[in-house]
Amino acid sequence: MPPIRTDSEWLRGEGDATDVVVSSRVRLARNLANVPFVNRMSPAQRLNTLNTVRARVESLGLHMTWIDLHRAPLSERTLLVERHLISLQHARGRKPATGHAGTGQTPTRPAAEEPRAVAFTSPDERLSIMVHEEDHLRIQALRSGLDLAGAMAQADDADDRLEAGLTYAFGTRFGYLTACPTNVGTGLRLSVMLHLPSLRLTGNIERVKHAAGDMNLALRGFYGEGSEAAGDFYQLSNQTTFGKSEAVLLRELTGEIIPRVLDYERAARRSLLNRRRADLEDQVFRALGVLSRARLMTTEEAMRQLSLLRLGVVCGLFGAAPDARDRATRQPGDAESAHPDGSGSLDLATVNRLMLHVQPAHLQRVLGVEMDQDRRRAARATLLRDALAGV
Amino acid sequence: MKCDQCDQEATVHELRVTGGKRLERHLCESCARREGVAAQPPASVPELIEKFLHQAAKPPVQTAAGPACPRCGLAFAEFRETGLLGCPDCYQAFEAQLGPLLERSHEGGTHHVGKTPKRAGHASDPASAVAQERDDRAARIAALSKQLEQAVAGEHYERAAALRDELRRLGDPACPPPTSAPPAPPTGPTN
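Here the protein sequences come in this chain order: A and B. Using my numbering, you'd call the opening residue of the first sequence number 1 and step up by one each time. Using my numbering, you'd call the opening residue of the second sequence number 392 and step up by one each time.
Hints are supplied without guarantee of correctness; some may be wrong.
Stretches of chain B that chain A covers, calculated by requiring three or more beta carbons in the stretch to come under 8 Å of a beta carbon on chain A [what the hints assert, rightly or not]: (1) 462-475; (2) 552-562.
Some chain B residues flagged as far from chain A (calculated, every beta-carbon gap over 10 Å) [what the hints assert, rightly or not]: (3) Glu405; (4) Pro508; (5) Glu540.
Hints were generated in silico from the structure; no laboratory data involved. Glycine included, each C-beta is placed from N, C-alpha and C at the ideal position.
Turn these sequences into a full structure, and let the hints steer you where they fit.
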């Protein structure tokens, strides 16, 4: 098993609009022609496609790390989910339907052992390809901050390179053919991970959810489909993939919708700062108090408190508020100016990194030891106390 | 019943009991949203599809298993159950059923618009491929023109500009490329 890093592209806290947008992601769903979709493939077809795709990926010269997930232990698969390189569903595996095409035999193998893989660029992990998730290929590009256009360009380029050696399932009327018709057409899912604590604190998050639904967008949890919003982090993505071009879908999201959500969150933040400053500071510094003193900490509580800490950082309560233009030239190790009331400095990259390191698989990887849930709660609290000791 | 605040039909009804007092409000969707009264959230694409699948679960004329894909053998009834198709050919086999479903769940989309692979997997004879491409282009132009009208009506100018660019790319006669150079920007007084 190749080494997997514990820092990540999406948590560098760099790029545009990082006060609200944690990361941007573009995903293209693709299938091979003349092969059943993943849910109807026989074991032999699965292995065959896996080998075909692997050979193609390795010929691209993109320096990608390949991991056969059906051979990877649960802890490695969980680590990859926490790093947003694979979906929860891909980590678990999908059991083929009974009576699938091919052998006609009923498969008895557990879903986790069904042949499937992920390939990702190393070390930056900006580009990844899931093989045999719901579709044969899911090409994904990830960026820190708001940069859907940059992610789109990279995913599109990888798609072109793959396609030069593979024949995709494509129809003139329905476009790129996918296992589920919710992805057909462009196969394109554009999404941004948003941090919206002010909208929750001012009681407006439901309105954003309604507005998102009105505009045919989905607002999902931290780990995408089927996951809960942890610590006020939400994924906003397009639902329509058919009948509109990639350029139109991109422009709708970046030109119309995201700017509006940014305005809502920033207006709510200004309102908190102007009208309820004492209340806001109390919540942020209570969170710091808990994180820097507690002895036992669950992932859920850590995410909740870190969300408030992140709000404090973007409000300038721990030194200068982050500015996208400044950050582009700032080096990762540069110190932020200290807050006038004497509290220490804290930056977005630190809070973002802690958000990842408190997750179960990362915690064990960072500390280099496997632990049960109770020991993880203690270890998580220690990690947070150490990291926030000087703040 | 009319909305308490305007002449629209009331579709959101709120009943609140505070301190033994009963307070009823009847509002239309837009007034309800303005008042912050929770209406049913609009259905998402998966919800729409699920709803469709349930509706389609009892078609008036159908054999026991419904039509099946000649390539992979998936019966349409199985798709209703799982929401997943069996192979790329299922799209052709179930085109009549899928067309209306996709139109409803993808904001009126009737044809793919956008990227096309250089080596598409559907082989056909060259003459019919040319005819198919011509029909397809006409259908795309019609679909995009409809979207452009809606975008302008809704004052979504960013979207309208993107749609116009797309129509130009497809060579729509109604959206010719700009023929003359744009007027030079004012350069200020010359002296």
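Hints, verified against the model:
Under a criterion of three residues with beta carbons nearer than 8 Å to beta carbons of chain A, the stated coverage of the stretch 462-475 of chain B is upheld, 7 such residues being counted. Here the stretch 552-562 of chain B counts 5 residues with a CB under 8 Å from a CB of chain A, which clears the bar of 3, and the coverage holds. Every CB of chain A lies more than 10 Å from the CB of Glu405 of chain B, the least distance being 15 Å, so the non-interface label holds. Some Cβ of chain A comes within 10 Å of the Cβ of Pro508 of chain B; the nearest lies about 5 Å off, and the non-interface call is violated.
Under the 10 Å C-beta cut-off, the non-interface status given to Glu540 of chain B relative to chain A holds; the minimum distance is some 14 Å.
Hint compliance for this structure: hint 4 alone is broken.
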